[in-house]
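**Q** Use the sequences and the hints to build the structure in full.
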Amino acid sequence: MEPILELSGLSKVYPGGLTALDNVDLTINKGEVFALLGPNGAGKTTLIGAVCGLVRPTSGSIRAFGHDLASDWRRARNRIGLVPQELSTDMFEPVHRAVSYSRGLFGLAPDRDRIEEILRSLSLWDKRDERIMALSGGMKRRVLIAKALAHEPDLLFLDEPTAGVDVELRKGMWAIVDTMRERGVTIILTTHYIEEAELMADRVGIINRGKLLMVDQKDAMMARLGRTEAHITLARPLSALPSEIARFPVELEPGGEVLCYRGGDGTGKGKAEVAALTKALIAADIDYVGIDTRESSLEEIFVSLLGEGKAA
Amino acid sequence: MISWRSTWSIYTRELMRFLRTAFQSVLAPVLTTSLYFIVFGAAIGGRMPDLGGVDYGAFIIPGLLMLTLLGETTSNSSFGIYMPRFTGTIYELLSAPVGVSETLLGFVGAAMTKSLLLAAIILLTARLFVDYSIAHPVLAVFYIMLVAAAFSLFGFILGIWADNFEKLGIIPMLFLTPLTFLGGTFYSIDMLPRPWDTIALANPIVYLVSGLRWTFYGQSDVNIWISFGITLGFLAICVAVIAFIFRTGWRLRA
Ligand SMILES: Nc1ncnc2c1ncn2[C@@H]1O[C@H](COP(=O)(O)OP(=O)(O)O)[C@@H](O)[C@H]1O
Ligand SMILES: [Mg+2]
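Heads up: the sequence lines are chains L and A, in that order.
Quick note: the first sequence uses my numbering, first residue 1, plus one each step.
Quick note: the second sequence uses my numbering, first residue 1001, plus one each step.
Check before you lean on any hint, since a few could be wrong.
The calculated SDA-like cross-link candidates involving lysine to any residue, where the alpha carbons are at most 25 Å apart (straight line), are [stated by the list, open to error]: (1) L:Lys127 with A:Leu1015; (2) L:Lys211 with A:Arg1253; (3) A:Lys1167 with A:Met1083; (4) L:Lys127 with A:Thr1087; (5) A:Lys1167 with L:Leu54; (6) L:Lys140 with A:Lys1167.
Have a look at the derived ranges for each label pair, beta carbon to beta carbon [as the list claims (entries may be wrong)]: (7) L:Gly184 with A:Ser1101: 28 to 36 Å; (8) L:Gly184 with A:Phe1023: 43 to 51 Å; (9) L:Gln217 with A:Gly1249: 33 to 41 Å; (10) L:Asp202 with A:Ala1028: 51 to 59 Å; (11) A:Gly1249 with L:Thr27: 21 to 29 Å; (12) L:Gly137 with A:Leu1124: 31 to 39 Å; (13) A:Thr1248 with L:Asp68: 48 to 56 Å; (14) L:Lys269 with A:Ser1101: 56 to 64 Å; (15) A:Ser1101 with L:Gly137: 34 to 42 Å; (16) A:Leu1116 with L:Glu117: 37 to 45 Å.
Just so you know, the hints here were simulated from the structure itself, not pulled from any lab data.
Quick reminder that beta carbons are idealized off the backbone N, C-alpha and C, glycines included.
**A** Structure follows, in structure tokens:
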């Protein structure tokens, strides 16, 4: 795997003393979709800003495409695109001109075909002559994406691309991310919709209060921290846990009517174990009338990690 | 290594912004120049003696030009950088592979172009009121461009320094306009009683107006080289301040 972005020991203390990034180490590999997950104020935008030249890091180093950003920023920034969190564009400018400007600003020769292709892929072609202020919020965001793609970046930052966007548009955004991934663009997105990270990302990083708490493959994270929980409602209450099922991670809830299984990981081991548990119950002649299983989501992992973060 | 494409993009976009309000950009100077000529040229000028052999109406043209240029160039370029900061669109410039050279060449080049357009409009309007000829037209154009460059840089600094609209307007209002009016726009500082003629020399605008007047009529209150030197000095200070701002990211990068 080829690293495309390497942050090491990156810290940012804002004037006033707030530590927005606290010694962050992170490596992003070519071609992956990385989701930076964290609550409001966690430092996600600051991290992106540090890479894109909007925020001056207090300490640490950033390398992009092998170039040190502190000294060789021109060559690195050429290949980085940014879609900011806020919808900030020149509202009076027509869509087409705004996108062409972005391409020129990044030093590329005008290319009508390329701009047309970008606008079409974002369903903006019909709106190319409209002033940006005449567009809906979802379209404005797509204009920002078009601007960020105009110089054909290899690394794209999407800062909360779906915040405040309705379900339909969110699905549209996911499709856009998929298309870009297929083209080989490395994508770093921030979100606080966990389902979004689960759906789109290859790897997930969880950040809170400027600390990167955990970075892992999404599946590995689920495997490590995921849980299966099953509630088995018994036909007749039990007074104690029978020895036949003692090898399972089960508890008898107060009242003895519900058997509660908590175990497994995010890989399906839990489901298999619940199946084995039910067979053991039948073998031991313990009847049940209902089974209710659920897999914990990234969301719960997230919440529990944040809880630990606070306690620390 | 400077990117000319990036510079060109910034330049054309700035000009586009100017042309978007073309009507206003053209009409305002035409109107103000006409008003000044009606009041100073026709009403008062008829009772004024020639100044150094120059008809009073013609005498005030360089002053008027300077008055409009300083005001327009400063406000234009301060807004040009303040608005993107205010609306957040500056993120694009900051994240682009462009440095201080592209940014300044783009912004200042556009400001110089606008100023020349403006100057042309004012001179054409003035023609409707008085007859005049320009002694050193090439130097006049050069001098106008130099002043435009200096004050667009000054406006640029202002637009970066200001963190609200009030501050953006206060420097032009409190310093630039009064100093321009007192800077020999409508009179020769020889006409001032002692000691005011000496005190007036502390006003930097005097040198600008005087310098431009020299390119027009071959004579001025102060030596042309002093005017030229002061304009260049001001330009150099502004460039140094902006280079510092970009290097440290002051008010630009969090
Ligand atoms: N320019 C700034 N000056 C001072 N504090 C800031 C600035 N920008 C962000 N912060 C603070 O830094 C923290 C992280 O902010 P941010 O990176 O925007 O978080 P996120 O994008 O995860 O919501 C927050 O507490 C925020 O208030
Ligand atoms: Mg944010």
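**Q** All hints, please: hold or fail.
**A** How the hints compare with the structure:
no., hint, in the structure
1, L:Lys127 with A:Leu1015, "holds, 24 Å"
2, L:Lys211 with A:Arg1253, "holds, 22 Å"
3, A:Lys1167 with A:Met1083, "holds, 13 Å"
4, L:Lys127 with A:Thr1087, "holds, 23 Å"
5, A:Lys1167 with L:Leu54, "holds, 23 Å"
6, L:Lys140 with A:Lys1167, "violated, 31 Å"
7, L:Gly184 with A:Ser1101: 28 to 36 Å, "holds, 32 Å"
8, L:Gly184 with A:Phe1023: 43 to 51 Å, "holds, 47 Å"
9, L:Gln217 with A:Gly1249: 33 to 41 Å, "holds, 36 Å"
10, L:Asp202 with A:Ala1028: 51 to 59 Å, "holds, 57 Å"
11, A:Gly1249 with L:Thr27: 21 to 29 Å, "holds, 26 Å"
12, L:Gly137 with A:Leu1124: 31 to 39 Å, "violated, 46 Å"
13, A:Thr1248 with L:Asp68: 48 to 56 Å, "violated, 19 Å"
14, L:Lys269 with A:Ser1101: 56 to 64 Å, "holds, 60 Å"
15, A:Ser1101 with L:Gly137: 34 to 42 Å, "holds, 36 Å"
16, A:Leu1116 with L:Glu117: 37 to 45 Å, "holds, 39 Å"
The structure is inconsistent with the numbered hints 6, 12, 13, although it conforms to all the rest.
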